[in-house]
Amino acid sequence: MKNIYLRNNTFYYRKSIPKSLKIFFKNKSLYIRTLSTKSRVLALKCAKLLNNKFNAIKEVYFMSFDIHLINKLVEEFHNTQLEITERDLYNTPNPEDTLFALCLEDTIEQLQKNYHDNIFEKEEIKLIANKLNYKPNNEEIHEIGKILLNSKINHLKNINDNINKGYYNKAKPIFKKVVAEIETKKIHRTIESTFEKFKKYQSKIDKWTLDTTQLVDRAFNILNLYFKDKDLVDISFDDLIDFRDILLEIPNKLTIYNFFKNKDLDFILENNDDYEKLENSTINKYIIRINQYFKYMHKLKYITNDDFIIPKFDENLNKRVPYTNEEIELIKQLIKNDTLENQFITYIATYQGMRLKEITQLQKKDIIKIGDILCIDINTNEDKTTKTKKSARIIPIHNKLLELGFLDFVNLKDDKLFNISNKDFSTYFRKTYKNQINDEKTFYCLRHSFLDTLKQNDCKIEHYQSFVGHSQGKNSVTMDYGNPFNTKLLSGLLVFIDY
Numbered sequence: 001m002k003n004i005y006l007r008n009n010t011f012y013y014r015k016s017i018p019k020s021l022k023i024f025f026k027n028k029s030l031y032i033r034t035l036s037t038k039s040r041v042l043a044l045k046c047a048k049l050l051n052n053k054f055n056a057i058k059e060v061y062f063m064s065f066d067i068h069l070i071n072k073l074v075e076e077f078h079n080t081q082l083e084i085t086e087r088d089l090y091n092t093p094n095p096e097d098t099l100f101a102l103c104l105e106d107t108i109e110q111l112q113k114n115y116h117d118n119i120f121e122k123e124e125i126k127l128i129a130n131k132l133n134y135k136p137n138n139e140e141i142h143e144i145g146k147i148l149l150n151s152k153i154n155h156l157k158n159i160n161d162n163i164n165k166g167y168y169n170k171a172k173p174i175f176k177k178v179v180a181e182i183e184t185k186k187i188h189r190t191i192e193s194t195f196e197k198f199k200k201y202q203s204k205i206d207k208w209t210l211d212t213t214q215l216v217d218r219a220f221n222i223l224n225l226y227f228k229d230k231d232l233v234d235i236s237f238d239d240l241i242d243f244r245d246i247l248l249e250i251p252n253k254l255t256i257y258n259f260f261k262n263k264d265l266d267f268i269l270e271n272n273d274d275y276e277k278l279e280n281s282t283i284n285k286y287i288i289r290i291n292q293y294f295k296y297m298h299k300l301k302y303i304t305n306d307d308f309i310i311p312k313f314d315e316n317l318n319k320r321v322p323y324t325n326e327e328i329e330l331i332k333q334l335i336k337n338d339t340l341e342n343q344f345i346t347y348i349a350t351y352q353g354m355r356l357k358e359i360t361q362l363q364k365k366d367i368i369k370i371g372d373i374l375c376i377d378i379n380t381n382e383d384k385t386t387k388t389k390k391s392a393r394i395i396p397i398h399n400k401l402l403e404l405g406f407l408d409f410v411n412l413k414d415d416k417l418f419n420i421s422n423k424d425f426s427t428y429f430r431k432t433y434k435n436q437i438n439d440e441k442t443f444y445c446l447r448h449s450f451l452d453t454l455k456q457n458d459c460k461i462e463h464y465q466s467f468v469g470h471s472q473g474k475n476s477v478t479m480d481y482g483n484p485f486n487t488k489l490l491s492g493l494l495v496f497i498d499y
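In case it helps, the UniProt record's numbering puts the sequence shown at residues 1 to 499.
Simulated from the structure, these hints should not be mistaken for laboratory data.
Keep in mind that a hint or two might mislead.
[As the list claims (entries may be wrong)] Mimicking BS3-like on lysine-lysine, the simulated pairs with C-alpha atoms at most 27 Å apart in a straight line are:
| hint | residue 1 | residue 2 |
| --- | --- | --- |
| 1 | Lys228 | Lys253 |
| 2 | Lys301 | Lys197 |
| 3 | Lys455 | Lys277 |
| 4 | Lys146 | Lys53 |
Work the whole structure out from these sequences, hints included.
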């Protein structure tokens, strides 16, 4: 088998990682791990087990399942359940005589029959399905069952082979990594409690200037807002990738705005609409210092992972560019299997150019008619907020939105159209779809696409600024949104939004 090779009388496992899955393997192109055995037969069986788990990860990824499910399978791939079960067998005298071992072959045979007959454990499937952010269809449920059962069969086969070879009658191996992790967890260490130690060390080594010190303080202020009091040993690489994505949504020069002073990260993300965001070059400077921090934490043995290297962004894409028409089409295809609420939040952003917070605050009574034109009333009624007074407006509804069944969706509701905050939806979109579309772009880029399309079609600036709720300057004339003539004028802009 090409996945194993012998080095220093020990077999190793290696696997090429497709580009689409590299993010789950610490951005490595090649995954290598020791199989801790001299036996080629045992190495082949272990490699087969790992290959099956890897294939399960690929299956789930290409089915567009929730990112957390993929991470869970990857974790299982790296830290197979064999270790737990084998530890129990090592602690049992004559493990081959246990009821578990005596029934194992019959159990495997029955599970293989179940696999062939498509009989799966409903409760196990339910546990996985409950972790998804949408209700899987029957085909997806069937695939979840296959992946779970196939993994279990291979797991048990490997244990059965080891029992037959007397593997568990040998001296119990020492699990050094597990012991190291337990020792590390005795002291609760956080970003906040260790930052000054890092700062003192690294500033002396690199001879930081005042500008560098201030930049590091800003970076770690955001890092601390994200992780709060989370123990360093509990931070995963997936957490760091999510933090990296959140940096794209942080307002530039955050500390100069009194509005954000002493506010938590949730508040910042809920109220970041229309603020200029951090440039990629600035984010990359933050990432460099944060990578230094985790390298130092490993040096102090506060964490066990020595490869927490957050990848940087492309600095040639400093501006938040709009989605292309092809990317918008991909977004529409991806959300087809999502909930109606998540679909229409995305459709409204696409065809109305509204801010995410404006969308998630909508109520049934905000869908009104001006003359013969159906409109959305964006207002500050009942504790709703808009970015500025100019943001309150009435805009015509795009025909495409009506064709997609928007009115039927509205009629299903009693009051609020959406039961999710703008911050929570932004997080959901980022974790579920962003990496499948364009890693450099956020949900807010749909609004940029709307505006960019109107600009490129030479629409009057005062018209499209009125439509999207931008301030038009001190000398501008405020548009009477309730006037049927002005509503019809604004509806003329929507003919250019054709994707």
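Status of the hints after comparison with the structure:
1. Lys228 to Lys253: Satisfied, since the Cα-Cα distance of roughly 21 Å is no more than 27 Å.
2. Lys301 to Lys197: Answer holds: Lys301 to Lys197 is near 14 Å, not above 27 Å.
3. Lys455 to Lys277: The given pair, whose Cα atoms are some 21 Å apart, holds under the 27 Å limit.
4. Lys146 to Lys53: holds, 12 Å
Checked against the numbered hints given earlier, the structure satisfies every one of them.
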